[in-house]
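A.B. asks: What follows is each chain in one-letter form.
Protein chains: 2
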Amino acid sequence: MQSPQPDPTAGDESQAVSRRIQRLSLHLTPNHRHLQNDTAQQLGLVECAKAAKLTVDTSSLSNYMRGKHREIQDRVLDYFNKRPELQTPVEILKDDHRELCMKQLVGLVREAGFRPFRYIVDEPAKYFAILEAVGSVDMSLGIKMGVQYSLWGGSVLNLGTKKHKDMYFDGIDNLEYPGCFAMTELHHGSNVQGLQTVATFDPITDEFIIDTPNDGAIKWWIGNAAVHGKFATVFAKLMLPTRDTKGITDMGVHAFIVPIRDLKTHQTLPGIEIQDCGHKVGLNGVDNGALRFRSVRIPRDNLLNRFGDVSRDGKYTSSLPSINKRFAATLGELVGGRVGLAYSSVSVLKVAATIAIRYSLLRQQFGPSKQPEVSILDYQSQQHKLMPMLASTYAFHFATSHLVEKYSEMKKSHDEQLVGDIHSLSAGLKAYVTAYTAKSLSICREACGGHGYASVNRFGSLRNDHDIFQTFEGDNTVLLQQVLNKSHSLRPRLEFSILFYDLEFFRG
Amino acid sequence: MQSPQPDPTAGDESQAVSRRIQRLSLHLTPNHRHLQNDTAQQLGLVECAKAAKLTVDTSSLSNYMRGKHREIQDRVLDYFNKRPELQTPVEILKDDHRELCMKQLVGLVREAGFRPFRYIVDEPAKYFAILEAVGSVDMSLGIKMGVQYSLWGGSVLNLGTKKHKDMYFDGIDNLEYPGCFAMTELHHGSNVQGLQTVATFDPITDEFIIDTPNDGAIKWWIGNAAVHGKFATVFAKLMLPTRDTKGITDMGVHAFIVPIRDLKTHQTLPGIEIQDCGHKVGLNGVDNGALRFRSVRIPRDNLLNRFGDVSRDGKYTSSLPSINKRFAATLGELVGGRVGLAYSSVSVLKVAATIAIRYSLLRQQFGPSKQPEVSILDYQSQQHKLMPMLASTYAFHFATSHLVEKYSEMKKSHDEQLVGDIHSLSAGLKAYVTAYTAKSLSICREACGGHGYASVNRFGSLRNDHDIFQTFEGDNTVLLQQVLNKSHSLRPRLEFSILFYDLEFFRG
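Chains as they are written, first to last, in this note's numbering: chain A, 948 to 1455; chain B, 948 to 1455.
Hints listed in this document are in silico derivations from the structure and should not be mistaken for laboratory results.
Each hint should be verified, as a subset may be incorrect.
Which copy is meant is left open, so a pair is good if it fits within one copy or across any two.
[As the list claims (entries may be wrong)] Calculated pairs, BS3-like style, for lysine-lysine (alpha carbon to alpha carbon, straight line, at most 25 Å):
no.	residue 1	residue 2
1	1109	1332
2	1359	1184
3	1050	1211
4	1184	1332
5	1015	1359
6	1193	1317
7	1297	1109
8	1358	1109
9	1386	1110
10	1184	1317
11	1433	1332
12	1272	1433
13	1297	1386
14	1073	1386
15	1317	1272
16	1386	1262
17	1332	1386
18	1262	1184
19	1211	1073
20	1297	1332
21	1211	1110
22	1184	1109
23	1029	1297
Work out the full structure, taking the sequences as your base and the hints as a guide.
C.D. replies: So this is what it looks like as structure tokens:
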């Protein structure tokens, strides 16, 4: 079979193009009848309609959009373009995909020399730029990288203290210590305060005993757990022995570093039980697993003790006055993952909208008799599907770039109001953008008809991989309720910050 | 790891259940303040609120819903339940899936003794009942069966005459003649009248010469073509030699039976080129391929000649006066596929809504302190997602059952107005129901959170398989425009039939 030739029904190419421009201009040329002349002048509509042709300096636009991190993104893409054996094929079994994904990450870090972990605290915008680039190679790789650096690594840096950084930074950075973020349990996802895993302090041996009290408390959906992880940051209720009648006190949820596999043999360590969470709708390059702890002992030093600590003699100390304050501070440090998801979701939307719009320009169907058929992008029904999506993609790009900028500021200043604003803005934008992208992926597939259904055209894997963006790092329905709560709590005090106006604007 | 135990946080089971019923009753008990007492009486609201408990005779309901075809559906499911080796695993490669799907169909027909083809003209409701049952085993199997019996077989029965039925019925019925329905081309999907494949009559040899004039005219997405098909019904412009100056006349699109593989050796026949359309977003049990014809000669008898025929001396005869009338009659006979899709889409919705609602009853998250957590179905946000969907599922069940009934009537009476009504009703319902189901599948996945993302819980494969229901057998956007056209054409004559009121009702 020969390679496809230009469609003979298209007739003279330039004729078709000129007709398309003419049709589009009907939509671009404003209808002046309902406008006062001076209004039209004010809006610049007359000038706009006069313009014969829209010329875009694509290089300037690209520079403007991708900003100062364009170069590092190009280097990431160059690396994978030169390594065809590291590119994910259209059809791949889960187990092969997991190994390939790990190879991609190892290649990125050890061969190409990118060290995303080094930017996670001081230059988050750069970290997110790398995340966007690797996510466009394979979304599983983006999530695998996020699990390693943002979740596992981020929990060590943000919830731990110097001793943890000294001990783990290099291993996390160079992937000798692949790790997990073990928060979610089988029975508790959104309700993090309801976690049931316990970490009981044993003052005799100076250890914590990590235990899974029932099957509902098994850590579930834990990335890096099924195959590659050596460590896990385990969220558990800290139980301290006391001399009162109860004998023990629940100090609330804290984070602990728990080794799960032997560093040399990769054998699962005693007391740890690991199961595979199996095949997922998407992101099968990420090895999600289930972790059960049977009285696993870890040194007291493995408590990530930035917001609360236990002394050798079992005394609890914290700079924060209550369980709720400590819980809020702990979760507050994890907001980066949500910022990254909102930002990455826009990247997915960019890819999908580009594919759908390009195809709609090329695909022709129906038309006046004895003339070339009409480009489907010239149909209003197709424009209604894709043009607001294109506009939203730009809007979300700037909204999430702004979020990343403010988040970077927050990581430097630790300003309390900014922390609160970032929490709400990231919750709202993550929920709104990921829901919009998820819907758009289905619209794009449908807008491209049968050819949108070919795996090679990517809508299927994009939708399957992206789908869970609506659920992890905070279920969208729950996040929107948090935003509502926050805005209600602010209203009486008339303290809406400028960020909230931003949010309102982007929703409007 | 032990098998999951009841959640210890659930406390006393009966207490949780009673609290749930109490909460739900808040939604069921009407607020009487805004109602006149007699209105409330009229509506029976007071009686409803008094009812302590809703009891449902599930067996009667099931009989009522599944009607007289319940028994044959149960037999289909029994067969596959007893054949674990014929059940589709969660993860399967395309090529294995295609072979498994063919084995499933062969097992159904040759081992279990179901003969769906025998019902396709005289008892379509029974055919659709079998289709629903096999679709719930694996949607690929439903489509594979539809390609064989409704598309390939249906084109022979509905567009051919007695000679074709005599020659092909048994082979289609017993799967010795797997076949294709080769309508869509690379450049023409919705615009069927724009097809470019030609069938030129050769009066010397008494043959048609089937030819693909350019790459855009390659038959594309043809089910059964990549691996299993022996024949194809090929839609092509019938070209007749004439004695005028043009020398040849285009008689419009007709259907021809073209052998594509050797019946014994399964080798591709001379002049036929077959390519694999590759991995798809879903339905990978169906082997879609591309067909190119290089001057393939077939006997004149292979023209499916119910609506137009060519005599030995090259004269064209038809009971219908124009190309447009013949084209409409030809496509009109293919409406059964669209009826089947609308009906099958509701089956998918039934499965998805059932899974999501059952899970939402069992899953608990958040709640008052020191009490069992709340079933997520007790949250209004979850109810808003799932309860209108449940109601719509019932409505669509009755709407599409009605459609099947009217379609069966039409196949018997050939009443002209009924043909027109079925065309519009099937177009509208197919577009509306498949779009609703597609959206609902995403809502169900999201409503079930992380566990909805496990492949074993089916939302992924249901969505991926069902997705193309919005495109094939008529792109939804195009179909809705056809419905609009029809209703506009009827309005001036005030001839809305009762069917249109039905349609309006279900949309309301």
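A.B. asks: Please go over all the hints and tell whether each is borne out by the structure.
C.D. replies: How the hints compare with the structure:
no., hint, result
1, 1109 <-> 1332, "neither (52 Å within a copy, 47 Å between copies)"
2, 1359 <-> 1184, "neither (30 Å within a copy, 71 Å between copies)"
3, 1050 <-> 1211, "within (19 Å within a copy, 47 Å between copies)"
4, 1184 <-> 1332, "neither (48 Å within a copy, 33 Å between copies)"
5, 1015 <-> 1359, "within (20 Å within a copy, 70 Å between copies)"
6, 1193 <-> 1317, "between (89 Å within a copy, 17 Å between copies)"
7, 1297 <-> 1109, "neither (40 Å within a copy, 55 Å between copies)"
8, 1358 <-> 1109, "within (17 Å within a copy, 80 Å between copies)"
9, 1386 <-> 1110, "neither (45 Å within a copy, 50 Å between copies)"
10, 1184 <-> 1317, "between (75 Å within a copy, 16 Å between copies)"
11, 1433 <-> 1332, "between (33 Å within a copy, 24 Å between copies)"
12, 1272 <-> 1433, "within (16 Å within a copy, 64 Å between copies)"
13, 1297 <-> 1386, "both (14 Å within a copy, 22 Å between copies)"
14, 1073 <-> 1386, "neither (28 Å within a copy, 36 Å between copies)"
15, 1317 <-> 1272, "between (73 Å within a copy, 20 Å between copies)"
16, 1386 <-> 1262, "neither (51 Å within a copy, 54 Å between copies)"
17, 1332 <-> 1386, "both (11 Å within a copy, 15 Å between copies)"
18, 1262 <-> 1184, "within (16 Å within a copy, 88 Å between copies)"
19, 1211 <-> 1073, "neither (33 Å within a copy, 63 Å between copies)"
20, 1297 <-> 1332, "within (15 Å within a copy, 28 Å between copies)"
21, 1211 <-> 1110, "within (23 Å within a copy, 75 Å between copies)"
22, 1184 <-> 1109, "within (23 Å within a copy, 78 Å between copies)"
23, 1029 <-> 1297, "within (23 Å within a copy, 48 Å between copies)"
Of the numbered hints listed earlier, those contradicted by the structure are 1, 2, 4, 7, 9, 14, 16 and 19.
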